[in-house]
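> For reference, the chains in residue letters:
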Amino acid sequence: MSKNVRLNVEEDLLSTVNELFKKMLEKDAADVLIVPQDVPSGACTVQTLVRYPAGLRALNPFAFVLPSNSADILVKTTDQASQERIVVVFRPCELRAVFELAKLNQINLDNVTLISVDCLGTLPVPEYVELAQKSENGLTMKLLFDVQKGGKESLLGLDLRSACQICELPVMDNADVSICTIGLNLQKEVLLKANTPKGEEFLGAIGMELSEEEDPESRKKALEQLFKVKAEAREKLDAQVKEEVKDIAGYMTVLASCINCHNCMKVCPICYCKECFFDSDILKPSPKQLLDKSEKRKVVRMPIDTTLYHIGRMNHMITSCVSCGMCESACPSKLPLLAIYHAFGSDVQALFNYVAGRSLEEELPLATFKEEELESA
Amino acid sequence: MVTEAQPKENEVVSDDKEGDFEPKIIGFLCNWCSYTGADLAGVSRLQYPPNFIPIRVMCTGAVDPVYVIKALLEGADSVLVAGCHPGDCHYLSGNFKARRRIAILKKLLENLGLEERRIRLEWISASEGQKFADTVNEMVKETKKMGPNPIKKEWDI
Chain B
33 MSKNVRLNVE EDLLSTVNEL FKKMLEKDAA DVLIVPQDVP SGACTVQTLV
83 RYPAGLRALN PFAFVLPSNS ADILVKTTDQ ASQERIVVVF RPCELRAVFE
133 LAKLNQINLD NVTLISVDCL GTLPVPEYVE LAQKSENGLT MKLLFDVQKG
183 GKESLLGLDL RSACQICELP VMDNADVSIC TIGLNLQKEV LLKANTPKGE
233 EFLGAIGMEL SEEEDPESRK KALEQLFKVK AEAREKLDAQ VKEEVKDIAG
283 YMTVLASCIN CHNCMKVCPI CYCKECFFDS DILKPSPKQL LDKSEKRKVV
333 RMPIDTTLYH IGRMNHMITS CVSCGMCESA CPSKLPLLAI YHAFGSDVQA
383 LFNYVAGRSL EEELPLATFK EEELESA
Chain P
-13 MVTEAQPKEN EVVSDDKEGD FEPKIIGFLC NWCSYTGADL AGVSRLQYPP
37 NFIPIRVMCT GAVDPVYVIK ALLEGADSVL VAGCHPGDCH YLSGNFKARR
87 RIAILKKLLE NLGLEERRIR LEWISASEGQ KFADTVNEMV KETKKMGPNP
137 IKKEWDI
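For the record, the sequence lines run as chains B and P.
Positions 33 to 409 (my numbering) are the ones given, in order, by the first sequence.
Positions -13 to 143 (my numbering) are the ones given, in order, by the second sequence.
These are calculated hints, taken from the structure and not from any lab test.
Owing to the predicted nature of the structure, the values given are computational and were not obtained by experimental measurement.
Warning: the hint list may mix true and false statements.
Derived DSS-like pairs (lysine-lysine); straight-line CA-CA distance at most 27 Å [said to hold, decoys possible]: (1) B/K330 with B/K316; (2) B/K316 with P/K130; (3) P/K130 with P/K56; (4) B/K330 with P/K93; (5) P/K10 with B/K278; (6) B/K325 with P/K83; (7) P/K139 with B/K366; (8) B/K316 with P/K139; (9) B/K135 with B/K181; (10) P/K130 with B/K328; (11) P/K93 with B/K135; (12) B/K181 with B/K260; (13) P/K93 with B/K274; (14) B/K328 with B/K35; (15) B/K274 with B/K260; (16) B/K316 with B/K366; (17) B/K366 with B/K268; (18) P/K56 with B/K328; (19) B/K253 with B/K174; (20) P/K93 with B/K298; (21) B/K278 with P/K117; (22) B/K55 with B/K274; (23) P/K117 with B/K325; (24) B/K181 with B/K166; (25) P/K93 with B/K268; (26) P/K130 with P/K10.
Using the sequences and the hints, build the whole thing.
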């Protein structure tokens, strides 16, 4: 069982958590923090690198917005020679991507302490920005309380991103430390959990006294309800998308408005290749070769290889897809990419009894094999 | 490239004629086993239909599924990937890895409504000329039964 400690909320939740992270730097438990903070205008919340306590201006790990999957920041800030102790605060979908990238040897987790936050979902970025600019301070807390209470108007009538609506793991119990908010009275307290020895040591270093307390009943209940709602939404979306693309003609209807910008690849945390196969010269015909394509086919869709890109990219990354939905959020044509990746991805991952990002120990399906398997293939 | 007859009105790719559909089958054959097996079929004068277009690769593990998809999108009716028997891979485990990749590809294409039988993974050793000829015969027969690749009807791929 994980060890935990209740953190009393002094003034309000955000400033309490802000102080907690200041303590990490002051007590020299970390060299650099990678934490989400509100920008001064309050219009959005972005990840920041912070080395000194003074850099913690407006920590906000609970904001209802996720402009990009932060896993990529650890790809850029760690390598085999990394020495500095980094503490990150990521959402569960970001941490799942971190696990996948660590297994793909793109992140060195040796000196990194992973802190997860319970995630109640995020709004599409443009809608959030509009809302944030209209609202007074305290938008995050208002949304947080409203959502916990439930009800139709809980997000001021807005819908979460579809990835968040169907989220499989809104809480993460294998990060080093988790900051738990769901099912707790946030005016009074939050729960800090240490899930690994590294996490226990870390919380010890900032002076926390851990005990082995069960989750409060209210939390268990709230989580159960949350999982139920998400599972229902998931089932519905999977069935809907599978019906939509049940044949090639259906898939072509979905891809009809794709402009082949490759944004979905650029924002995908799993697509770490320095140069994407689909941007490489292999798929760039000479002018003559391109014109010649119209000889064999009466008509050639431009730009070429749109479908090849989509099915091909799916083949390359689907075993590690963590369903963060960045692809769908970044798509200028609003293609239902998350829905497709989730429905197809869970089928593929089930072939190998694998869930992307579930743990650091499970081996990547494409990096291993069993001698006896897949006989029907 | 342009020597073929004018394509029919509703077909994007020209080589299917009503009634006597001759499938086009692309095969990725591993250098060490299956390509040599195909060679043996040739020198042994074993008969198999001319619908099969072989591509020699160094290992089935080196076949990125993207190339299989490309073949299907460009009008192949079936694709064969053939390599050494499990345990016999020249590079030790390439064929095991290929098996996983092809399984993923099949699952994805199955979700898109494409018959998984259009992709076939076979283990054919260098001494199995007969198995190679049989495999091609079977594939041609089965592909004829399935009919042309439905992707060919979609011009906007």
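> None of the hints should be skipped; say for each whether it holds.
Structure-based check of all given hints:
1. B/K330 with B/K316: 20 Å, holds
2. B/K316 with P/K130: Roughly 33 Å between the alpha carbons, so the hint for B/K316 and P/K130 is violated.
3. P/K130 with P/K56: Distance ~21 Å between P/K130 and P/K56 Cα, so the pair holds.
4. B/K330 with P/K93: At roughly 30 Å apart (the allowed maximum being 27 Å), P/K93 and B/K330 break the hint.
5. P/K10 with B/K278: 24 Å, holds
6. B/K325 with P/K83: The given pair, whose Cα atoms are some 33 Å apart, is violated under the 27 Å limit.
7. P/K139 with B/K366: The given pair, whose Cα atoms are some 26 Å apart, holds under the 27 Å limit.
8. B/K316 with P/K139: 24 Å, holds
9. B/K135 with B/K181: Outside the cut-off at roughly 38 Å; violated.
10. P/K130 with B/K328: 22 Å, holds
11. P/K93 with B/K135: 24 Å, holds
12. B/K181 with B/K260: At roughly 16 Å apart (the allowed maximum being 27 Å), B/K260 and B/K181 satisfy the hint.
13. P/K93 with B/K274: 13 Å, holds
14. B/K328 with B/K35: Roughly 66 Å between the alpha carbons, so the hint for B/K328 and B/K35 is violated.
15. B/K274 with B/K260: 21 Å, holds
16. B/K316 with B/K366: 26 Å, holds
17. B/K366 with B/K268: 19 Å, holds
18. P/K56 with B/K328: 15 Å, holds
19. B/K253 with B/K174: Answer holds: B/K253 to B/K174 is near 22 Å, not above 27 Å.
20. P/K93 with B/K298: This hinted pair holds, its Cα atoms lying about 25 Å apart.
21. B/K278 with P/K117: 34 Å, violated
22. B/K55 with B/K274: The given pair, whose Cα atoms are some 49 Å apart, is violated under the 27 Å limit.
23. P/K117 with B/K325: Answer violated: P/K117 to B/K325 is near 36 Å, above 27 Å.
24. B/K181 with B/K166: 23 Å, holds
25. P/K93 with B/K268: 20 Å, holds
26. P/K130 with P/K10: Between P/K130 and P/K10 the Cα gap is close to 10 Å, so the pair holds against 27 Å.
Violated hints, listed in ascending order, are 2, 4, 6, 9, 14, 21, 22 and 23; each of the other numbered hints is respected by the structure.
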